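**Student:** With the hints as extra help, turn the sequences into a complete structure.
4 protein chains.
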Amino acid sequence: MNMTFAEHPTAATRATPMRPDTRPSFILALSSPNRRGIVAAITAILCEDEGDITEAHQYGDEQTDRFFMRIVFSFDDHAAKLERLKQRLADVAGRFGMEWTVDDRRHKHRVMLLVSKFDHCLVDLLYRWRTGELPVEITAIVSNHPLQTFAHLELAGIPFHHLPVTAATKAAQEEGLRELIDQTSTQLVVLARYMQVFSDEMSAALSGRCINIHHSFLPGFKGAKPYHQAHERGVKLIGATAHYVTGDLDEGPIIEQGVERISHIDTADELVRKGRDIERWVLARAIRNHVEHRVFLNGKTTVVLQD
Amino acid sequence: MNMTFAEHPTAATRATPMRPDTRPSFILALSSPNRRGIVAAITAILCEDEGDITEAHQYGDEQTDRFFMRIVFSFDDHAAKLERLKQRLADVAGRFGMEWTVDDRRHKHRVMLLVSKFDHCLVDLLYRWRTGELPVEITAIVSNHPLQTFAHLELAGIPFHHLPVTAATKAAQEEGLRELIDQTSTQLVVLARYMQVFSDEMSAALSGRCINIHHSFLPGFKGAKPYHQAHERGVKLIGATAHYVTGDLDEGPIIEQGVERISHIDTADELVRKGRDIERWVLARAIRNHVEHRVFLNGKTTVVLQD
Amino acid sequence: MNMTFAEHPTAATRATPMRPDTRPSFILALSSPNRRGIVAAITAILCEDEGDITEAHQYGDEQTDRFFMRIVFSFDDHAAKLERLKQRLADVAGRFGMEWTVDDRRHKHRVMLLVSKFDHCLVDLLYRWRTGELPVEITAIVSNHPLQTFAHLELAGIPFHHLPVTAATKAAQEEGLRELIDQTSTQLVVLARYMQVFSDEMSAALSGRCINIHHSFLPGFKGAKPYHQAHERGVKLIGATAHYVTGDLDEGPIIEQGVERISHIDTADELVRKGRDIERWVLARAIRNHVEHRVFLNGKTTVVLQD
Amino acid sequence: MNMTFAEHPTAATRATPMRPDTRPSFILALSSPNRRGIVAAITAILCEDEGDITEAHQYGDEQTDRFFMRIVFSFDDHAAKLERLKQRLADVAGRFGMEWTVDDRRHKHRVMLLVSKFDHCLVDLLYRWRTGELPVEITAIVSNHPLQTFAHLELAGIPFHHLPVTAATKAAQEEGLRELIDQTSTQLVVLARYMQVFSDEMSAALSGRCINIHHSFLPGFKGAKPYHQAHERGVKLIGATAHYVTGDLDEGPIIEQGVERISHIDTADELVRKGRDIERWVLARAIRNHVEHRVFLNGKTTVVLQD
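Chains as they are written, first to last, in UniProt numbering: chain E, 1 to 307; chain P, 1 to 307; chain W, 1 to 307; chain L, 1 to 307.
Treat the hints as calculated values from the structure; they're not laboratory data.
Small disclaimer: the values here were computed from a predicted structure and weren't measured.
In this text, a Cβ means the ideal position worked out from N, Cα and C, and glycines have one as well.
Nothing false has been slipped in among the hints.
Listed below are several chain W residues computed to face chain P (Cβ distance under 8 Å; list not exhaustive):
1) Val-123
2) Tyr-127
3) Arg-130
4) Glu-133
5) His-152
6) Leu-153
7) Glu-154
8) Ala-156
9) Arg-273
10) Asp-277
11) Trp-281
No farther apart than 30 Å at their CA atoms in a straight line, the calculated lysine-lysine pairs in the DSSO-like style are these:
12) E:Lys-225 <-> W:Lys-300
13) L:Lys-225 <-> P:Lys-300
14) W:Lys-300 <-> E:Lys-274
15) P:Lys-222 <-> L:Lys-274
16) W:Lys-108 <-> P:Lys-117
17) L:Lys-274 <-> E:Lys-274
18) P:Lys-274 <-> L:Lys-300
19) P:Lys-222 <-> L:Lys-225
20) W:Lys-117 <-> P:Lys-108
21) E:Lys-274 <-> P:Lys-274
22) L:Lys-300 <-> P:Lys-222
23) W:Lys-274 <-> P:Lys-108
**Tutor:** Quick look at the structure:
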């Protein structure tokens, strides 16, 4: 974070609409089988322990019979009290078969950025990070291209790792990458136009914590050169898709999509240019929702509890 | 869910994402001063009385210090049990200073449509009503123009009232209108391009239950002939605004807005044409959100708890 | 055009930005191999014959090496002069290998509407036709369902034909349809949610003059039940596509597309409802552009010369 | 097309849909009183001199009785021939009372960027410039804040000028600015969130060649703190407007506008954040259209001949 912007009037992380409460703020995110009484059980615990709910959103999916909830609450900055709260939540969670996390909002999500030579998403994410609009800690930038490819960028001291890859070295490169993820305590891996396909093992290892930006409006134009495919087909809108990476290429659960209008006059190169604006917007929005614990996996799709 | 529409091919009322629960569904909508424990208190009552929450959304506004909540729950179709639940909610409401309603979703909102000679919104609302997509009961269509203005429309037996108005008869006409509203137990009055300005008394009497569609992107181009104003100014997008009617012309709380791109080639008449598509979409959406109890007044603005 | 609306203040056909010229207006639409001097040759003829250009738009496609031009011009209402102009244009056309048409704007395009039981596009097109916003003559409404399916609609005297179809009668039904198209001098056939797939012969016979609305953002979700496919895949936007019908199902040249944002909460039925609004808007816009001679085939895609 | 960018992977200047013609490309932009024969006269000259039209677009405004035309043509790289062509165009221009320019596309537009402390538009423009997507020469970056405010940016050798301003020094500062504009042969001045209001003299001196980005959807929310005004009013969409600077604050001819959907949950600070994305997109697009000679003044509005 740049000092200049620390007091920047517009450096606003997602506004928590809370009372002027000096207590720290936490996010409880949970998913579970859909059963009666979950909301009451959870909110009762928070009320009794004097957690103060400032945002709450839930959704029950009839088809998958799953239930999803996100609660933001303020709470005393007292370790023992927090521990007790978590214990009580754990008890309830056991009863309902929940998966759940409680996250202290003062601790920024640790995010690693992977990039090949197209740097528009990287540039955009660095800008949003620098202004504080994207509330993350960038653990590293990793590329299969050398540092000089990004010589024009101010990396602000973020560690850069050059991990080249060939068919022969792919397994070793992925192993190096996984070690780096572990060593840096990275929570989320972002493929910010990283033009390498992960092995199934790698995809599985990063399940639910690796976001890719695909440069088409999926499921249209999977695979390589989607803008050229779009130009061939003569579509009137192009798009971009942010999704979780799975072993099934371009088939992972979709987090966010965006489109822009084009016309016959746009060549494939022109689509590439226009697409850059959509890609960076869609990816930034997907990351933001992920690190704010708004995104839940729901079978092959996602539930995004936006306000 | 209405039986009549169950077999209609295009009928889809707002999908309640609930478990296949044959019990009726209710909407609790409340607003109150923002105080700790509201969610817990409400959900505890529902849980104890075996109300089954299927949707829930809340929002606390720091600036106005108001709290808003909408809960959809299924409940036994048993009058005495429902009465007891309402009594318990009333007790809590008193403690927190809440305004609240509980609405049985099987009872359709009673809506009156007012229209002058431009009928595009009327045609659109009738279509959405007929297919069941707008889950309302239309109590009457009222116009300051005679029935023959709408001779080309199939009014499907909805009562039509011709209430002409001049400067001299305005007070009497409004009185007639208010009587009609009362007699028909109308809950919501929709000005579907009704080109008459209500008196302050009339506006006050319908506070919070009268929606107007203004044919501009407010606050731009208030008053008469907004599309012509927009053409003069050379804007590149035009819009429409659905808002609650207040004594302050075109200044009421905004419920929904939409825009469409235009260009230099569009004459004022062309803006009128393009605007019709936005107006009907924006008005239909505002009505839908209102009758689903998603819209809350919050000072001079609205809170719209959409999913 | 309906008499009632002839004096309707907003009944505006596409505004021709011309000088207050009482002479009739014509549209010249041409496509040809891309060669130097086409514009000069055409405009010189118009200038010499005192045709007054009020709109002009051209596009040369490098990839297909095709050139497309649309010119709106006013011209004296004098048959012999018009004949001479057309002769001169024909001479130039021969030289450049052009395909071309000159259309008198006072003659409305003759359009036939085909529909199955979902009537939202039909209702919308009839409304736009009635207000004069869609400047066409409707030659007939044809359905594989009987008239009573549309009993709630005011068909305003437009001939209705019930042409039921089964696997066994398909060939005969298509023959009947083609006869009807010929007898009514229909220029454009619109599949306004007509849920029958044409035979290859039928598609070929109507090449370039049959528009279908497909209820997905093609090329995503081709074939049956696209909204259900979209729901399964968990996309965050749904769309609709208007395209020319070809023998290759859902692969015809795209004329117009539109999308709307959805979320996890939308069931497949809800997508069907939201999709209706997009479908009718996209189809109306495609028809409008077609009858105004703005749409040109360009290999497997279209060039749409919009202003 | 610039050699430097020919090998840049993401470089795509606006695709000229021309035949593979190695001759240089020129843009003819003209506006004039609307009279018969202009198109023919111009295209005849181009044809005779072997200029090869690759794009053409015209528009005649009935209300202002003005005519606007933009033609892209390829032409031999031969100074004497070009001079003769210009002479012939000048003759025609005199006859029709035209204002016109012919611009060699190999010569990039010279643009100066003015900025205060909010740097999101600056960062975005620098990125688009670096990738070649914005085909301009940046003559200087000027700020009323010192260089260290932008210490985190890679200015790539672009001259930076700190021109502080107070009420007392305003006249002198503007004079310094005008000298700098002259010395650097700047053609277009961009106020990329430059939070100073120009004097009438300065506005007049830069008439038609100074673009400002205002952070609201004009004419709504003129003046200071528009996002705060928008929050107070409770609008459901916010926007940004790029316009030419005139002596009449926020009333200059609009070039481009964009909007984004917001909701009750967005605080004023959140609107500021969301607005940044719209502002940078709208400003970039306005600049691009200006330097490609697509924007024409038409009274208090603009004509933008986009393809």
